[in-house]
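K.L.:
Chains as they are written, first to last, in this note's numbering: chain D, 129 to 244; chain G, 2 to 111.
Source of the hints: derived by calculation from the structure; they are not laboratory data.
Treat the hints with care, as some may be off.
What the hints assert, rightly or not - Pairs of lysine to any residue, SDA-like flavour, derived with a Cα cap of 25 Å:
(1) LYS152/D / GLU42/G
(2) LYS71/G / GLU55/G
(3) LYS152/D / GLY41/G
(4) LYS71/G / GLU172/D
(5) LYS206/D / GLU42/G
(6) LYS206/D / PRO189/D
(7) LYS60/G / HIS76/G
(8) LYS196/D / GLU42/G
(9) LYS196/D / ASN96/G
(10) LYS60/G / LYS196/D
(11) LYS71/G / PRO189/D
(12) LYS152/D / GLN38/G
(13) LYS152/D / LEU46/G
(14) LYS58/G / ASN179/D
(15) LYS196/D / THR97/G
(16) LYS196/D / SER94/G
(17) LYS57/G / ARG37/G
(18) LYS196/D / ASN179/D
(19) LYS60/G / THR234/D
Unchecked claim - Stretch-level coverage of chain G by chain D, calculated; a stretch enters the list once three of its residues show a Cβ under 8 Å from a Cβ in chain D:
(20) 40-46
(21) 79-86
Every residue gets a Cβ at the ideal spot worked out from N, C-alpha and C, and that includes glycine.
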Amino acid sequence: DAGVIQSPRHEVTEMGQEVTLRCKPISGHNSLFWYRQTMMRGLELLIYFNNNVPIDDSGMPEDRFSAKMPNASFSTLKIQPSEPRDSAVYFCASSLRFQSRASGYTFGSGTRLTVV
Amino acid sequence: TQLLEQSPQFLSIQEGENLTVYCNSSSVFSSLQWYRQEPGEGPVLLVTVVTGGEVKKLKRLTFQFGDARKDSSLHITAAQPGDTGLYLCAGPSGNTPLVFGKGTRLSVIA
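Start from the sequences and build out the full structure, keeping to the hints where you can.
P.N.:
Next comes the structure, spelled out in structure tokens:
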């Protein structure tokens, strides 16, 4: 398996533009997570899905953020409109079954978003 | 939300030295995981500890879970430049996904 695949790796956009980040989880993993990483706040959970169903989006900072998982092999995180404070590295991770104490997360390489 | 505090935040040492980094919480965790993150990449799972007092070894890395399951430590023996990276501890908050500490950024100088 190629692991968790995220695209694009880097995104530079102007304030007010729509940004879409993409993720392909590991085949067979039932749980998918979107995290955001900044120096100040570390890794923060934005939203997670279990069997393609959004379970908790309380970490999504504002209504400008939305996420979908139309099938088991694809998820998107969209920001519309984007703002400079959204600049961060966004990670997608998947897990076989996150409720299991022994289930580790496999992370993608991240998307570095810069909003100017 | 259960919080994980990691210390030190930054550590710079010479190749061959030993070091210990810590992960502490006021809450009990059912398990803790350690990840290493290299620049430009996502975190990679190193180990999971699930039993209070458990010790796990991964080559020169030794992980310990506290007896009360509120803390964990990572000890590296004879550090090498390849150990450089951000070390993150993480644990489940109840029945929800992992919460992460802010990490210890380790630099091993040759």
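K.L.:
All the hints need checking, so say for each whether the structure fits it.
P.N.:
So, going through the hints one by one against the coordinates:
1. LYS152/D / GLU42/G: 16 Å, holds
2. LYS71/G / GLU55/G: At roughly 12 Å apart (the allowed maximum being 25 Å), GLU55/G and LYS71/G satisfy the hint.
3. LYS152/D / GLY41/G: 18 Å, holds
4. LYS71/G / GLU172/D: 21 Å, holds
5. LYS206/D / GLU42/G: This hinted pair holds, its Cα atoms lying about 21 Å apart.
6. LYS206/D / PRO189/D: Distance ~12 Å between LYS206/D and PRO189/D Cα, so the pair holds.
7. LYS60/G / HIS76/G: With a Cα-Cα distance of about 11 Å, the restraint between LYS60/G and HIS76/G holds, given a limit of 25 Å.
8. LYS196/D / GLU42/G: 24 Å, holds
9. LYS196/D / ASN96/G: 22 Å, holds
10. LYS60/G / LYS196/D: It is violated: about 40 Å lies between the C-alpha atoms, which goes past 25 Å.
11. LYS71/G / PRO189/D: 29 Å, violated
12. LYS152/D / GLN38/G: 20 Å, holds
13. LYS152/D / LEU46/G: 19 Å, holds
14. LYS58/G / ASN179/D: 34 Å, violated
15. LYS196/D / THR97/G: 19 Å, holds
16. LYS196/D / SER94/G: 24 Å, holds
17. LYS57/G / ARG37/G: This hinted pair holds, its Cα atoms lying about 16 Å apart.
18. LYS196/D / ASN179/D: Answer holds: LYS196/D to ASN179/D is near 12 Å, not above 25 Å.
19. LYS60/G / THR234/D: 21 Å, holds
20. 40-46: Check passed, 6 qualifying residues.
21. 79-86: Not satisfied, violated; 0 residues make the cut.
Figure legend: structure checked against the earlier numbered hints; hints not met, in rising order: 10, 11, 14, 21.
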